[in-house]
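Starting from the known structure of chain R, arrange chain E on it as the hints suggest.
Listed in order, the protein sequences are those of chains R and E. All letters in the first sequence, in the order written, are residues 1 to 214 by this note's numbering. All letters in the second sequence, in the order written, are residues 215 to 447 by this note's numbering.
Incorrect hints may have been included.
Reference excerpt, derived from the structure (chain E facing chain R, CB under 8 Å, subset only) [claimed, not checked]:
id: 1; residue: Gly257
id: 2; residue: Ser284
id: 3; residue: Glu290
id: 4; residue: Ala291
Only part of the chain R face toward chain E is listed, based on derived beta-carbon distances under 7 Å [unchecked claim]:
id: 5; residue: Met75
id: 6; residue: Gly80
id: 7; residue: Ala81
id: 8; residue: Pro84
id: 9; residue: Gly87
The set of hints was computed from the structure by calculation and includes no laboratory data. Virtual Cβ for every residue (Gly too), placed ideally from N, Cα, C.
Here are the chains, one letter per residue:
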Amino acid sequence: MKPTLDTAWAVQWLRLAAKVIAENRMALIELDRVIGDGDHGENMDRGFSAVLTKLDAEPPATPGAAFKLVAMTLMSKVGGAAGPLYGTAFLRAASAVGDAAELDSNTLAAALAAARDGVVARGKASVGEKTMIDAWTPAVDAASAAAASGATPAALLAAAATAAEAGSVSTDPLIARKGRASYLGERAIGHRDPGSVSSALILRAAAQAAGEGA
Amino acid sequence: MSVGLVIVSHSTQLAAGVVELAEQMAPDVVLIPAGGMDDGGIGTSLEKVMSALGEADTGAGAVVLTDLGSAVMTAEAALEFMGSPELVRLADAPLVEGAVAAAVAAQSGASLEVVLKAAETALAAPAISAVPAPAAAEGPASSAAVADTAVTAVLRLINPMGLHARPAGALAGALGAMDVDIEINGVDGQSVMMLMTLGAAQGTELNVSATGPDAQRAVELVRTQVEAGFGEI
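With the rest of the complex left out, here is chain R (with noise of 0.2 Å):
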């Protein structure tokens, strides 16, 4: 197993990822119907599809750059609340790798972490409150005792795809404190969070694209 991830690694993520949030764009859409709005996974795959057109159109050099093209464009073509969620954690994420070529477990970590805290300033949530954030902030933890153990990159990322997993089923019973979804007190309790499921999805093809987890 190769101690550090490179730009490879981070556009084949990008790439699984909008495959990904592809195929699931029904689920989410079902799941956003139920507790919001309906448009999540029609936003999602709309972003990514952008993403993917932009890659082809300027090849990122480093992996924050390749975050920064991701960030920039959710932000541009998601249009709910998602696009500057993910907007951030991306820039955020991109700022905490700098221009670094190679990432080690402890730069990745570093990174997962950033992103975290960006979509805790935007969105003002915390844990518990049927959010994207139920799904960060586990595979956060995850992250930062996988790089702690000495973890290599891609066991980090799997161990925290498997943790924003079981956050986001822990969303199940919860009542949504934020967004939409708040609106629909108890009635919320019983599904689970559309933006926690996207998070899981795309922290899954980062392992995925490091080769582990699959």
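Just chain E now, with coordinates in the frame of chain R:
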């Protein structure tokens, strides 16, 4: 050179409409709409907001007004993307009222912070009692009036459209630049929004009462404008 405004809305038409309305009262202010997605759909676009910011700040800075939830997030993200420009402020204000109040302030040449405050206090309750202005003598009080003696006047609107948006903006803008506390029929004469709430039509009497160093000058300005029918007759 005045402070510019950027109007961020989920809807292309709503942003354009707010600009259209505010323009009536601020013909010289740069007002840039950033509404809808790049393809015209409902949503907000980082690129549109960033490009609007570039156009709106002509050197004196720009104030950004937003509609709902994610428009605020997009505007915040745009500022973060641009490295938090020193001369851009995000107003925590109602879109329509805030834009109109900010545009009027910008038209009067107010600074960035004053324009921001105009937007953010657009809905503030007027600092008045419910008691109407004291029965006023025709014409200004003695020119020897001391600071807390109100300078008053009773004026009748003669122009057909009365105190509508444009003259309300012009009056509030000019009065806003003076050191005066002025009430017109019980509302703050420096607030375009409050003047517009009067709905004062042709023939309406305006009870004007002012205190402060510029009181005399302020009442005279209102008198001149009203008697000239705001240049509309």
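Here's how the hints hold up against the structure:
no., hint, verdict
1, Gly257, "holds (2 Å)"
2, Ser284, "holds (4 Å)"
3, Glu290, "holds (6 Å)"
4, Ala291, "holds (4 Å)"
5, Met75, "holds (4 Å)"
6, Gly80, "holds (6 Å)"
7, Ala81, "holds (4 Å)"
8, Pro84, "holds (4 Å)"
9, Gly87, "holds (6 Å)"
Against the hints set out earlier in the document, no violation occurs for any number.
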